[in-house]
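With chain U fixed as given, assemble chain Y onto it according to the hints.
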Amino acid sequence: MACWDAHTVGHGAVRDWSGRDGGGQDRGGRTAGGQVARKATRRGVLAAALSLPLVAAGCKGIGALGTPPPPLPDVAVLRDAIAGETLMISRYHAVLAAAPALTGSLGPLLDQHREHLARLRARLVEPSAGSQPGHPPSPAGSPSATQVPSTPAAARAYLRQAEQAAATALLARLTTAPPALAQLLASIAASEATHALLLTPGRRPG
Amino acid sequence: MSASPSPSAAGAAGQGVQELAAEPAAAVRALQMALTAEHAAVYGYGVAGAHLAGARQKAAARAWAGHEAARDTLAAMITALGAEPVAAAPAYRLPFPVRNAPTAILLAALLEDRVAAAYLGLVALADDRLRVLGARAVQAAALRATEWRGRTLAFPGLEVPGPGPVPSGAGAGQPVPSASGPGRASPSPPPTGPAGG
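If you read the protein sequences in the order shown, they are chains U and Y.
Position one of the first sequence corresponds to residue 778 (this note's numbering), numbered consecutively onward.
Position one of the second sequence corresponds to residue 19 (this note's numbering), numbered consecutively onward.
Pulled out of the complex, with its shape left as it was, chain Y reads as follows:
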């Protein structure tokens, strides 16, 4: 928790967190939760994007890039607080087979629900800046979920319908590919999936 110099990548945001976090341990825990959800979203959008086309694939690519950027920001903040950012799992078990555009859209909406829920943890912290950061991220995820789903939720982040993708290593101990995607069984999600179109 001490004396870890913040890398330049941490930037001003990370430094600010280091100064302002009144409860570093709680802040690190909440940031790690958000980072964990961002890892899952990056993986999940890699899967979803491969089943989408046209404007939807472009939207998935934008969301995928956004979650990557958020992942990097969170990792830098955690490092600035002197902790080791949680790593992505090698593979994630999807909550349902993703075989076509409708299931890909369903997955994307679900990923955003889970991201919203994770960022809500930051809103419970004492640090005002982290609260606001968390609330804005909840809002951004809720907006993306609405774009995918076409309808709104009464309590984004507090109500998460159904399970999201979970790292396959947690229980099964081996990678579990999505039911339809032989190309998706690779240990790391191909980042070019959604960006290809």
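Excised from the complex, chain U in its bound form:
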């Protein structure tokens, strides 16, 4: 009982935020899809008919209503987390460009950062997000290979400090996030703290 319950909690959380979209769509699509589509079509015709006079009269329509509303707080938290993860990936790229010998040991950590980024991006529902998961845009301040330490020990120390700072920053955002996002951020923060552990002198990542 004990551990099965704990197991359920962890995976329940996963289902909570990864399964929400799929479940909803499945239900809607299968049971009421046709009806919804028919109604939508009727509405669409009606809307098109109503908009014609507006266009004819030179109205700007929705665009004239004002600036878009500011993002919700959780969107801001998510964007910050995405920016932080993107920066971390660019740091690994810079270090690996300067010290290719570290590829074997840093590769698994970099891969996990890519997983973090993909999971965060999957939660952000906006047109500009998630379009290029394999090639994150370079954020402002992202380092180049010439700006990072090239000796293995110094490079690992540089990344260790960055991992620790990233974990701390995520924990600081924890209380402003909605529950499921807070769990994801806490998990990623824990992962980054473990990266820092493996990057401590005398340890071998992997």
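Hint data in this document are derived by calculation from the structure and do not stem from the laboratory.
Computed from a predicted structure; not experimentally measured.
All residues carry an ideal CB built from backbone N, CA and C; glycine is no exception.
Hints may contain errors.
Unchecked claim - So the derived label-pair ranges between C-beta atoms look like this: (1) U:941 with Y:72: 23 to 31 angstroms; (2) Y:169 with U:901: 27 to 35 angstroms; (3) Y:144 with U:927: 31 to 39 angstroms.
Then chain Y, alone, in the frame of chain U:
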């Protein structure tokens, strides 16, 4: 849920929870989950420690003591919220036979994965203090798991590989000893297991 005076053992942390928990029922549920995982970890480290030696046994002893302390803290917090802390099961079925150091290390890592998953429940609460407490505990468990496993997970607590030890009373109705441990079939885990070295 009401009028249960918090024992002195609950301390300031428990009192703070009582004042701050915006959703006592949800907080109690999440704390009980974490306590349940801590009970299993205390038992599991008792088993794992008996198969380890040297620095590894010392590490298991430290982790075992840490989980005992966390267990007591959680129990005090739950009591402060007016609920009865969930009790440890008399025995736990292990996910696989623990016969030697490699399987003991595997078990220790798994225990920490499960503890991390349980504490993640606290992170979903509205109460900021419980969230942060939960997140720090997830991190601590992930660090210990990494020490055992030698590698990291992308999503500690969200990804729990394989089943952990489950109380044998839940399904079978009788204690199930670990396959290798005649000495481990006792109803309560010997606390001196990992501490012996």
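Results for each hint:
{"no.": "1", "hint": "U:941 with Y:72: 23 to 31 angstroms", "result": "holds (29 angstroms)"}
{"no.": "2", "hint": "Y:169 with U:901: 27 to 35 angstroms", "result": "holds (29 angstroms)"}
{"no.": "3", "hint": "Y:144 with U:927: 31 to 39 angstroms", "result": "violated (47 angstroms)"}
Consistency note: the structure conflicts with earlier hint 3 alone.
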